[in-house]
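Enquirer: Sequence:
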Amino acid sequence: MQTIRIGGVPEHFNFPWTLSKDFGLFERKNIDLQWSFYSAGTGAMVADLKAGKLDMAVLLTEGAVSAIIKGLEAKIVKQYITSPLIWGIHTGKESTLQNIGDCAGKRYAISRFGSGSHLMAMVDAEVRGKKIAEDEFVLVENMGGATESLNGAQSDVFFWEKYTTKPLVDQGKLKRIGEFITPWSCFQVVASNSILKENPEAVKDLLGVINFATKQFMTADNSVDMVLENFDMKPEDALSWFYSTEWNTDFQVSEKMLENVMHSLVKTGNIEAPVNPNTLVAEFVALI
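Numbering (the working numbering), first residue to last: 62 to 349.
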């Protein structure tokens with residue numbers, strides 16, 4: 062049996078992985094899937110991929126592309142979510158900030174450099190013709206750390222997935238002052254070069270399982286009910302999230318999408334220059 066260590070954020074997007082593991086779908090393919098949740102997000106998973114502590118990870122698209130270009134020994138092996146991510150823009154409960162336009166020169170809470178909370182803040186600023194200085198970023202590790210930082214006046218604004226933070230907004234622990242929609246598909250599955258060299262067929266079998274699971278999840282009558290049972294979401298939020306989210310069920314990745322991501326990363330100064338999209342994906346991935 063092939064052991065594969067994979068990480069992902071503890072959010073509703075990754076529920077199909079949990080279901081697949083619980084139903085023994087990976088074991089049927091002779092795969093011992095060791096799943097780890099990373100509350101610190103993409104930046105933390107990239108660090109563990111580099112350290113050899115993970116074989117695969119479900120990363121935010123911009124974080125995956127940036128990390129590979131900067132030397133992460135890994136490839137994109139599957140587009141996971143084809144729909145964009147809706148980022149909530151948050152401040153502390155006592156903050157006087159009213160919208161993102163008030164945030165020039167403010168301190169941005171981020172989980173890690175290279176994380177989505179970091180890169181999306183930069184992309185949003187660039188779209189508005191602004192720049193965020195490096196010393197305006199405050200490391201907070203995760204959503205809990207951000208809540209403490211924002212309400213302790215150690216930082217001022219924080220980008221995080223809208224529905225994950227909504228319970229904190231509903232409870233009055235955070236304020237949402239805006240939203241930002243990622244201008245590309247939001248999650249990619251990445252595999253280390255070592256696991257791709259060691260056992261590419263196991264990687265493809267694993268991805269075949271998740272393709273099947275996500276297809277079932279998108280069409281099952283009880284999917285929203287399962288989300289409500291397992292995540293802190295209101296029924297109307299679960300419905301809105303479910304019907305605005307689309308999982309990819311093949312091995313195709315948009316070349317134009319990757320080019321769009323690299324264009325934004327260059328404009329924000331995160332990478333120096335784009336690369337050939339073929340160098341970002343595994344051999345069995347079809348660029349379309």
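Among the hints, a few may not be true.
Stated by the list, open to error - The list that follows gives simulated cross-link-like pairs (lysine to aspartate or glutamate, EDC-like), each with its CA atoms no further than 16 Å apart: (1) 328 x 187; (2) 258 x 134; (3) 192 x 163; (4) 82 x 266; (5) 236 x 209; (6) 167 x 197; (7) 111 x 134; (8) 167 x 195; (9) 90 x 262; (10) 191 x 163; (11) 265 x 311; (12) 90 x 266; (13) 227 x 293; (14) 114 x 134; (15) 227 x 297; (16) 82 x 93; (17) 265 x 88; (18) 236 x 155; (19) 234 x 262; (20) 227 x 320; (21) 265 x 93.
By construction, these hints were calculated from the structure, which means they are not laboratory data.
Enquirer: It remains to establish, for every hint, whether it holds in the given structure.
Expert: Checked hints:
Proposed proximity of residue 328 and residue 187 is supported: the alpha carbons are some 7 Å apart, at most 16 Å. Between residue 258 and residue 134, the direct Cα distance comes to roughly 11 Å. Compliance with the 16 Å bound is thereby established for this hinted pair. Proximity of residue 192 to residue 163 is assessed by CA-CA distance (about 14 Å); at most 16 Å being required, the pair is judged to hold. Among the hinted pairs, residue 82 with residue 266 is consistent with the structure: their alpha-carbon atoms are about 14 Å apart, no more than 16 Å.
As the CA atoms of residue 236 and residue 209 are separated by approximately 13 Å, the hinted pair is consistent with the 16 Å bound. Taking the CA atoms of residue 167 and residue 197, the gap is near 7 Å; set against the 16 Å cutoff, the hint holds. Note on residue 111 and residue 134: the hinted pairing holds, with a Cα-Cα distance of about 7 Å set against a maximum of 16 Å. Straight-line distance between C-alpha atoms of residue 167 and residue 195 comes to about 11 Å, which keeps the hinted pair within the 16 Å bound.
A C-alpha spacing of about 10 Å is found between residue 90 and residue 262, which places the hinted pair at or below 16 Å, so the restraint holds. Using a Cα cut-off of 16 Å, the hinted pair residue 191 and residue 163 holds, with the two alpha carbons roughly 12 Å apart. Our distance criterion of 16 Å between C-alpha atoms is met by residue 265 and residue 311, whose separation comes to about 11 Å. Note on residue 90 and residue 266: the hinted pairing holds, with a Cα-Cα distance of about 7 Å set against a maximum of 16 Å.
Pair hint residue 227 plus residue 293 holds up; C-alpha atoms about 9 Å apart against a cutoff of 16 Å. Between residue 114 and residue 134 the alpha-carbon distance is near 13 Å, which keeps this suggested pair within the 16 Å criterion. A hinted pair counts as satisfied when its Cα atoms are at most 16 Å apart, and residue 227 with residue 297 qualifies at roughly 12 Å. Annotation: proposed proximity of residue 82 to residue 93 holds, straight-line Cα distance about 9 Å (limit 16 Å).
Restraint check for residue 265 and residue 88: the C-alpha separation of about 14 Å stays at or below 16 Å, so the hint holds. Of the supplied pair hints, the one linking residue 236 and residue 155 holds, its CA atoms being roughly 8 Å apart against a limit of 16 Å. A distance of roughly 46 Å separates the Cα atoms of residue 234 and residue 262; the hinted pair therefore is violated under the 16 Å criterion. As the CA atoms of residue 227 and residue 320 are separated by approximately 32 Å, the hinted pair breaks the 16 Å bound.
The hinted pair formed by residue 265 and residue 93 meets the criterion: a straight-line CA distance of about 14 Å does not exceed 16 Å.
Of the numbered hints stated above, those contradicted by the structure are hints 19 and 20, listed in ascending order.
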